[in-house]
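Engineer: Could you slot chain B onto chain A? The hints should help.
Chains as they are written, first to last, in the working numbering: chain A, 88 to 285; chain B, 60 to 237.
Think of the hints as simulated: they come from the structure by calculation, not from any bench.
This one's a predicted model, so the numbers in the text were calculated from it and none came from an experiment.
A portion of the hints provided could be inaccurate.
Heads up, simulated DSBU-like pairs for lysine-lysine below, C-alpha to C-alpha not over 35 Å straight-line [what the hints assert, rightly or not]:
| no. | chain 1 | residue 1 | chain 2 | residue 2 |
| --- | --- | --- | --- | --- |
| 1 | B | 98 | B | 85 |
| 2 | B | 98 | B | 206 |
| 3 | A | 156 | B | 85 |
| 4 | B | 206 | A | 164 |
| 5 | A | 156 | B | 206 |
| 6 | B | 86 | B | 98 |
| 7 | B | 98 | B | 207 |
| 8 | B | 98 | A | 212 |
| 9 | B | 86 | A | 152 |
| 10 | A | 152 | B | 206 |
| 11 | B | 213 | A | 212 |
| 12 | B | 213 | A | 156 |
| 13 | A | 164 | A | 152 |
| 14 | A | 156 | A | 212 |
| 15 | A | 212 | B | 206 |
| 16 | A | 164 | A | 212 |
| 17 | A | 212 | A | 152 |
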Amino acid sequence: MINWIWMTMLIIGLIFAVINNRMDEVNAAIFEGAEQAVTLSFGLISVLVFWLGMMKIAQEGGLLKALSKFLAPVIGKLFPEVPRDHPAMGYILSNMTANFFGLGNAATPMGIKAMEQLKVLNGGKDEASRSMITFLAINTASITLIPTTVIAIRMTYDSQNPGEIIGTTIAATIVGATSAILIDRYFHWRRTRRKKVR
Amino acid sequence: MVILSTVSMYLIPVLLFVILATAIYKKVPAYETFVDGAKDGFQLAIGIIPPLVAMLVAISIFRASGALDFILAGIAPLLAMVGVPPDIVPLAIMRPLSGTGALGIMSDLIAVHGPDSLIGRMASTMQGSTDTTLYVITVYFGAVGIKKIGDALKVGLLADVCGLLAAIFFVVLVFGSM
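The following block holds chain B by itself, in its conformation from the complex:
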C-alpha cells in the first residue's frame, strides 16, 4: 500500500517531466504551446455551468422536498430481503445521483456506526468504488454539447447497481457476516 501511495504522489511530477522532456526532444516551444492549449480551459469550465446548475437544482429540490426519503422508505424493505442492510440504502441510491450528497451520507454513516463497523466499511467501499454517474454524464456531455445521450444513462446506472451490490458482497465476504 505504501508503494501505491508513493506511485500516486510521484505520478504527476514524473508525467510533467516526461512531457517537457519530449517537448525539448521534439523542439516544441513548450511555453507558447501551453498558453495556446490552456486557453480552452476557461471556456470549457464556463460551458459546464448551465447543465450542472440544471441538474444540481433538480436534485436539491428532489431531496429537500422529501421525495427521495419517500422513495427510500419504499425501496428499503425490498432491498433488505436481498440482504442489503437498511442503513446503507440511502447511500446506494444517492451515490449515482450526487457526489457531495453521497459524501455527506457516507460521513454520517461512519460517524454514527464507526469507521471499522460493517456499515462503515460498506459505506467506505461504496463511496470509493464508483463515480457519480449523473455528474459524469452532465459534465462530459455538457462540455462538448451532446444532447441525445442514447443509452448512456441506462448503461451507467445499471453498472452502478452491479458495482454497489459487489461492494456489499465483498465487504460481507472479507469482514464477516452481519
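So that you can see chain A by itself, here it is in the shape it has in the complex:
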C-alpha cells in the first residue's frame, strides 16, 4: 500500500516535471525534502532520549501500570486485544494524554513505545495489527485541547483574538476522532467478515 503511494507520487511528479519544464525546482526539491527529513529526525533525538529515560523510570516505579488500571475501563474498549495490565496500555494512555494537552514532543516517544509493545503483542510480525491501526487512527486525528502553534501564528499576524478558534478546533477534533474510531471499526468489521466468508 505505502509502496504504491510512494511510487505513484514519484512517477507522477517526475512526469509533471517534464511536462511543466520544472526540472530545476524538482532537483532542488529532492535535496530539500531529504534535508527536511533528517532535520526532523535529529530534532526528535533530544525529546526521544529524554522522554524514554523518564518513561523507563515511570515503568519501573509501576506508574504506567497504575495509570492503565485507572483508565483502562474506558480506553480498553477501544483496544479489546490489549490486556488491561499490559505495558502497551500505559504507553497508549500517556501518548493520548500528552496529545490532549498539545505536548506533541512528549507524545511521539510514548506513541513509538506503544507501537513497540503492540508489535510484541502481535508476535513481532511486520504487519499492522488491529490495535495498531486503531491507535494510529486516533493519533492522526490528534485530540488536542490547545493548538499552540496555530495560536502563535495568529498572534504574529495581529489577530484581535488569537484564541477564538479553540472552540471550533476542539469541535472539529472531536468529530475527526470519532469518525476515526468509527471508520476503524468499520474496516475491522469488513476484514473479519471477509475472513469468515473464506
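Structural biologist: Below, chain B alone, put in the same frame as chain A:
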C-alpha cells in the same frame, strides 16, 4: 482558557515530579534507570530517517513538479459545489500529507486574508484540529519496522476528510456565513 494554558504549562513539571516521587517510594534507582531507558532514544530517531527521507522527498517532488497544483485545479470546483471556499482547498489537501507544507499554506492564507477573516479562521481550525496522517504513519510504523500497514492509511485519510469538513462546518456555524 487561562486555566487550560496553565494546566498545559504545569503538566510536564508535575508529571516529572510524580514519576520521581514514585521512584523514591518504590526505591527505583532513578538515575541509572533513566540512562538505561534513554539509550534507545538515539537508535529510534536514527531509525526514522530512511522512511522519512523517502516520504518527504516524494512529497517535495510531487509539489515542486506542479502535479499537486494540477490535482487541486481539478478538485477545487467540485469542492466549491459542496460549499468549500476554493482558497481553503490547497490547505485541506496538504494537511494530511505534509505538516510543514500545511503550516506554510496556513500562514500564507492568514497573511493574505487576515487572521480574523472567515478564511483565516477556517485555516486555523483546520491546521489545529488534525495531524499529518502520512507523517504519523511513517514515524510510528517506521520506528518499529511495520511494513504491511493494512487499512491504516485508508482509515487515517477518511478520518481526515471528516475532520476537515467538520472544521469548515463549525467555523461557518460559529463565525457566520461566507
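Engineer: All hints are to be evaluated individually against the structure, with a verdict given for each.
Structural biologist: Taking the hints in turn, this is what the structure says about them:
| no. | hint | verdict |
| --- | --- | --- |
| 1 | B/98 with B/85 | holds, 22 Å |
| 2 | B/98 with B/206 | holds, 25 Å |
| 3 | A/156 with B/85 | holds, 18 Å |
| 4 | B/206 with A/164 | holds, 26 Å |
| 5 | A/156 with B/206 | holds, 31 Å |
| 6 | B/86 with B/98 | holds, 21 Å |
| 7 | B/98 with B/207 | holds, 28 Å |
| 8 | B/98 with A/212 | holds, 24 Å |
| 9 | B/86 with A/152 | holds, 16 Å |
| 10 | A/152 with B/206 | holds, 29 Å |
| 11 | B/213 with A/212 | holds, 21 Å |
| 12 | B/213 with A/156 | holds, 32 Å |
| 13 | A/164 with A/152 | holds, 17 Å |
| 14 | A/156 with A/212 | holds, 27 Å |
| 15 | A/212 with B/206 | holds, 9 Å |
| 16 | A/164 with A/212 | holds, 24 Å |
| 17 | A/212 with A/152 | holds, 25 Å |
Hint compliance for this structure: no hint is broken.
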